[in-house]
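Novice: Single-letter residue listing:
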Amino acid sequence: MKLVCLSWSHRDHACAAREALSSVPVERVLLELKARGFTEAAVLSTCNRFELYAAGSPDQAPRAAALIDALEELAGIPLGEKAEVRDDGAAVDHLFSVASGLDSLVVGEVEILGQVKSGYEKAKIAGMTDKRLNVLFQRALFVGKKVRTETALAAGSLSVPSVAVQLAETIFGRLEGKSVLIFGAGAMAELAAKHLAERGVSKLAVANRTWERAYQLAARYQGEAVKWEAFPAELERADVVISSTGAPNVVLTHSIVHAAVRRRGGRSLFLIDIAMPRDIEESVHKIDGVYLYRLEDLEAIVAKNMASRAQAVAAARRIVDAKTSEFVAWAKSLSTGRERSFKHSENPQ
Amino acid sequence: MVESILSWCAFLLYIAACAAAFFYLLTKNARASRFMLTLIGCGLAAHLPTFGIRLAAFWAYPENRWFLPVNNFFGALSYMSFALAAAFYTIEVRRRLGILGAFVLPMVALSLGLAVLLADPALAPLGPRLRSYWLNIHPMVLMTSYAAFTNAFGVALALLIQERQIKSRKPSELCYRLPSLDELDALNGSIIAVTLPILVVGLVMGSVWAYQASGRAWSWDPKETMSLITAAFYAEFLWLRYVCGKRGRIPVYVSMAGFACMLLTFFGAELCSGHHGFLGGK
Numbered sequence: 001m002k003l004v005c006l007s008w009s010h011r012d013h014a015c016a017a018r019e020a021l022s023s024v025p026v027e028r029v030l031l032e033l034k035a036r037g038f039t040e041a042a043v044l045s046t047c048n049r050f051e052l053y054a055a056g057s058p059d060q061a062p063r064a065a066a067l068i069d070a071l072e073e074l075a076g077i078p079l080g081e082k083a084e085v086r087d088d089g090a091a092v093d094h095l096f097s098v099a100s101g102l103d104s105l106v107v108g109e110v111e112i113l114g115q116v117k118s119g120y121e122k123a124k125i126a127g128m129t130d131k132r133l134n135v136l137f138q139r140a141l142f143v144g145k146k147v148r149t150e151t152a153l154a155a156g157s158l159s160v161p162s163v164a165v166q167l168a169e170t171i172f173g174r175l176e177g178k179s180v181l182i183f184g185a186g187a188m189a190e191l192a193a194k195h196l197a198e199r200g201v202s203k204l205a206v207a208n209r210t211w212e213r214a215y216q217l218a219a220r221y222q223g224e225a226v227k228w229e230a231f232p233a234e235l236e237r238a239d240v241v242i243s244s245t246g247a248p249n250v251v252l253t254h255s256i257v258h259a260a261v262r263r264r265g266g267r268s269l270f271l272i273d274i275a276m277p278r279d280i281e282e283s284v285h286k287i288d289g290v291y292l293y294r295l296e297d298l299e300a301i302v303a304k305n306m307a308s309r310a311q312a313v314a315a316a317r318r319i320v321d322a323k324t325s326e327f328v329a330w331a332k333s334l335s336t337g338r339e340r341s342f343k344h345s346e347n348p349q
Numbered sequence: 350m351v352e353s354i355l356s357w358c359a360f361l362l363y364i365a366a367c368a369a370a371f372f373y374l375l376t377k378n379a380r381a382s383r384f385m386l387t388l389i390g391c392g393l394a395a396h397l398p399t400f401g402i403r404l405a406a407f408w409a410y411p412e413n414r415w416f417l418p419v420n421n422f423f424g425a426l427s428y429m430s431f432a433l434a435a436a437f438y439t440i441e442v443r444r445r446l447g448i449l450g451a452f453v454l455p456m457v458a459l460s461l462g463l464a465v466l467l468a469d470p471a472l473a474p475l476g477p478r479l480r481s482y483w484l485n486i487h488p489m490v491l492m493t494s495y496a497a498f499t500n501a502f503g504v505a506l507a508l509l510i511q512e513r514q515i516k517s518r519k520p521s522e523l524c525y526r527l528p529s530l531d532e533l534d535a536l537n538g539s540i541i542a543v544t545l546p547i548l549v550v551g552l553v554m555g556s557v558w559a560y561q562a563s564g565r566a567w568s569w570d571p572k573e574t575m576s577l578i579t580a581a582f583y584a585e586f587l588w589l590r591y592v593c594g595k596r597g598r599i600p601v602y603v604s605m606a607g608f609a610c611m612l613l614t615f616f617g618a619e620l621c622s623g624h625h626g627f628l629g630g631k
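Protein chains in written order, with the numbering used here: chain A, 1 to 349; chain B, 350 to 631.
Note that these hints are calculated values from the structure, not bench results. It cannot be assumed that every hint is accurate.
Straight-line alpha carbon distances no greater than 25 Å define the calculated DSS-like cross-link-like pairs of lysine-lysine that follow [what the hints assert, rightly or not]:
| # | chain 1 | residue 1 | chain 2 | residue 2 |
| --- | --- | --- | --- | --- |
| 1 | B | Lys519 | A | Lys304 |
| 2 | B | Lys377 | A | Lys145 |
| 3 | B | Lys519 | B | Lys377 |
| 4 | A | Lys304 | B | Lys595 |
| 5 | B | Lys516 | A | Lys286 |
Looking at chain A on its own, in the form it has when it is part of the complex:
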């Protein structure tokens, strides 16, 4: 198979080339390549990488130098030195690694899969894909999904707010229709609120000692500001409570929480205390159906997730290697005229 991959990635710390390339719209790159007689090409352009995949005719690979020429003209600066050039098997392996998140700055991140998909779709719209690039990119998306479902590479979140959201989901399932109560209007509380709002919680209430700040934060997320004095009543309605006040003493005592739980009809209550000094009395964790996580608990989970991602790299690598050789064998079989088939039953859920 005659495939070439040029890439400028986050490994190149002087990022002038990447910056210049990312300012060129992908569609423009594809048009330029088409005008220069290239038949199959796809571009992956993200804030961390710019990559060009091009396939030539069965007996002739596209010339890397000609591709770089075209890109240099568009970017307006010399790019050749910084480019990583890969061909055939190495290019396939690279694309599969990229789609799996193995090549990302944050290993296992999920966004890259969508970016690979959109790069492929743009190439398809531009009429720059034929059988080989079509199959290559579809396989890359397949491998990316497979790695994420079958290894722990993407498992576990890597930030405190997203760990909090993930825990909320292990308690409540879907967060749609749940309500969130926020104590204090600090930056950390806002970050957590943002993550929860993205998951479709239906109601967001903010209680703060200064009404204005509660009001401002609530307004940013279509929430509702509540009077500080009214929070015990709010506690009955809330499913998730995030507390980050600057109060010197405990705000949510055992007796307040206990009284609220009795009126909640057995619904679970998830309390997150990210304040220092603590806002929520430790003993509330002992109440049935109440789950209190403190900042250090969330941080410990983040640390554990990082470690387990590192361990999953080897397993992910094995999948990528196996799928690369499968693809290379397929590409070879194209030129012999007896095309091998992929096992199509093997679709990840």
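Given the structure of chain A, go ahead and fit chain B onto it with the hints provided.
Specialist: Showing chain B alone in chain A's frame:
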């Protein structure tokens, strides 16, 4: 002979489905989950004809005609295992909670395993007291409720594990794979809420039968007493969970106590029960 071979096939398929379910739980390999479903499907397909064969053999005795062969352990356990697998398939898999297979399928395999390994499959003519249309209704209704309670028990096990994981503040990978706490709680509660009335109806039918047969509606034999305690535990669970609004482990433990009583009703009371023995109705 054919019945025995098919029963063994179904038993081995259920064991293989258990293995696939555990593999899925540990690795989250989607193929293992699909394989598990295929194996249960094949197991059910091998299992179903055994009932037909058994029925034909049972009906070879003219006095048994039109009655179901549930008067011995083999028939009862085999039916339980089938109902349990079918209930799992319809309740959990429909709700995309196939991951609970690891908690329910071992009981499917165990139930059929007891039948093929230990129970005597021999058939005999029914005693005159059992020749009543109630024989086709009363035990079937109760065993169906047992199968549903066994499913609820599997869900309750998963619920306890999940609750412990979240309370520990150090959730493992398993915690993210299991369904959420609220889903498990709702499933456990709704299975029990639907099944308890079935159990009660089955018990009432039994007492109507007893009244017609002997003039006494309730004779406090061990099996009857145990079944009443079973119903009491499940009712207590529903009371705690939905009327008092209690969460956490205590209601789950109560529902599990109900399950333990159900097992005692099914197996234990056998040894000292009079007209409830699986021995052809002395």
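Novice: Compare the structure with each hint and give your call.
Specialist: Tested hints:
no. : hint                  : verdict
1   : Lys519/B <-> Lys304/A : 9 Å, holds
2   : Lys377/B <-> Lys145/A : 13 Å, holds
3   : Lys519/B <-> Lys377/B : 20 Å, holds
4   : Lys304/A <-> Lys595/B : 33 Å, violated
5   : Lys516/B <-> Lys286/A : 9 Å, holds
Hint compliance for this structure: hint 4 alone is broken.
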